[in-house]
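Asker: Residue numbers (this note's numbering), protein chains in the order written: chain A, 30 to 141; chain B, 743 to 857.
One or more hints might be untrue.
Result set (DMTMM-like, lysine to aspartate or glutamate): computed pairs, CA atoms no more than 25 Å apart in a straight line [stated by the list, open to error]:
#1 K128(A) with E44(A)
#2 K136(A) with D112(A)
#3 K751(B) with D815(B)
#4 K128(A) with E772(B)
#5 K55(A) with D780(B)
#6 K98(A) with D780(B)
#7 K99(A) with D815(B)
#8 K55(A) with E814(B)
#9 K99(A) with E844(B)
#10 K99(A) with D36(A)
#11 K98(A) with E82(A)
#12 K128(A) with D780(B)
#13 K98(A) with E44(A)
#14 K128(A) with D815(B)
#15 K136(A) with E772(B)
#16 K98(A) with D768(B)
#17 K136(A) with E844(B)
#18 K99(A) with D768(B)
#19 K55(A) with E34(A)
#20 K55(A) with D815(B)
#21 K128(A) with E844(B)
#22 K128(A) with D768(B)
#23 K99(A) with E82(A)
#24 K55(A) with E82(A)
#25 K136(A) with E801(B)
#26 K756(B) with E814(B)
#27 K55(A) with E44(A)
#28 K85(A) with E814(B)
#29 K55(A) with E84(A)
#30 K55(A) with E801(B)
#31 K85(A) with E801(B)
It is worth saying that the hints were derived from the structure and are not from the lab. All values reported here derive from a predicted model rather than from experimental measurement.
The primary structure of each chain is shown beneath.
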Amino acid sequence: SQQGEEDPQALSIQEGENATMNCSYKTSINNLQWYRQNSGRGLVHLILIRSNEREKHSGRLRVTLDTSKKSSSLLITASRAADTASYFCATAPSGGYQKVTFGTGTKLQVIP
Amino acid sequence: NAGVTQTPKFQVLKTGQSMTLQCAQDMNHEYMSWYRQDPGMGLRLIHYSVGAGITDQGEVPNGYNVSRSTTEDFPLRLLSAAPSQTSVYFCASSYPPKLAKETQYFGPGTRLLVL
Chain A
30 SQQGEEDPQA LSIQEGENAT MNCSYKTSIN NLQWYRQNSG RGLVHLILIR
80 SNEREKHSGR LRVTLDTSKK SSSLLITASR AADTASYFCA TAPSGGYQKV
130 TFGTGTKLQV IP
Chain B
743 NAGVTQTPKF QVLKTGQSMT LQCAQDMNHE YMSWYRQDPG MGLRLIHYSV
793 GAGITDQGEV PNGYNVSRST TEDFPLRLLS AAPSQTSVYF CASSYPPKLA
843 KETQYFGPGT RLLVL
């Protein structure tokens, strides 16, 4: 079963607007990661947030993590047409070697 | 560095045929994994390896075999292809130490169609 579930499944915004996507997960985690996938391509790592962190920034990306609610959000500010892609959260459970689990993804379309 | 490479890019098989999807990385990563991606399902882990000679099953291992004889290579074998194995397959590797918890680097994928 999928550990992470992204919401919304699809999002369409105008260039310059902010895009927010959410991820919920089920079990205790060591960290949560966000990846981007351009159509037909492999995934590219965007940002990692550890379970003891609440917020992290990287350029136009802002990630928050609420372990009490088992949820995370990814905010892309001042979106660009090049941000059009699918975005996935991935969770790494606590302890040992483990099986990173990906969510079902949010498909973002940024209209120029 | 070439990163993570996968071959072939696209393959068509008939039901019952076998084949091997190749994956190689030149980053000296200890952890490697195989995922399949189906529409609306995200990525699901098939098998993973934490180092040469060590493999383990993921979420959907049935119908697939793996081996890890070297650090660089992690081939995925389909024993007897079925239409349900039609998917896009991604190989990924992870930064040392031996924890997949950190960033994974993905290959470009192999599109497999089983008729």
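Asker: Would you mind confirming whether the straight-line C-alpha gap from K55(A) to E44(A) stays at or under 25 Å?
Answerer: violated (33 Å)
Asker: Has the given pair, K128(A) with E772(B), been kept, meaning a C-alpha gap of at most 25 Å?
Answerer: holds (15 Å)
Asker: Hint check: K99(A) vs D36(A), CA-CA at most 25 Å. Holds or violated?
Answerer: Measuring from Cα to Cα gives roughly 14 Å; hence the hint holds.
Asker: Please verify whether K136(A) and E801(B) have alpha carbons no more than 25 Å apart.
Answerer: holds (24 Å)
Asker: Are the Cα atoms of K128(A) and D768(B) separated by 25 Å or less?
Answerer: holds (22 Å)
Asker: Taken at face value, is the distance from the CA of E82(A) to the CA of K55(A) at most 25 Å?
Answerer: holds (18 Å)
Asker: So if I understand the rule, the pair passes when the alpha-carbon distance is 25 Å or less; does K99(A) with E844(B) pass?
Answerer: The hint holds at about 19 Å.
Asker: Between the alpha carbons of K99(A) and D768(B), is the straight-line distance 25 Å or under?
Answerer: violated (36 Å)
Asker: Assess, step by step, whether the Cα of K128(A) is no farther than 25 Å from the Cα of D780(B), and give holds or violated.
Answerer: holds (18 Å)
Asker: Compare the distance between the alpha carbons of K55(A) and E801(B) with 25 Å, and conclude whether the hinted pair is satisfied.
Answerer: holds (16 Å)
Asker: CA of K98(A) to CA of E82(A), is that 25 Å or under?
Answerer: holds (14 Å)
Asker: Under the criterion that the straight-line Cα-Cα distance not exceed 25 Å, is the pair K98(A), D768(B) satisfied?
Answerer: violated (39 Å)
Figure legend: structure checked against the earlier numbered hints; hints not met, in rising order: 1, 6, 7, 8, 13, 15, 16, 18, 20, 26, 27, 28, 31.
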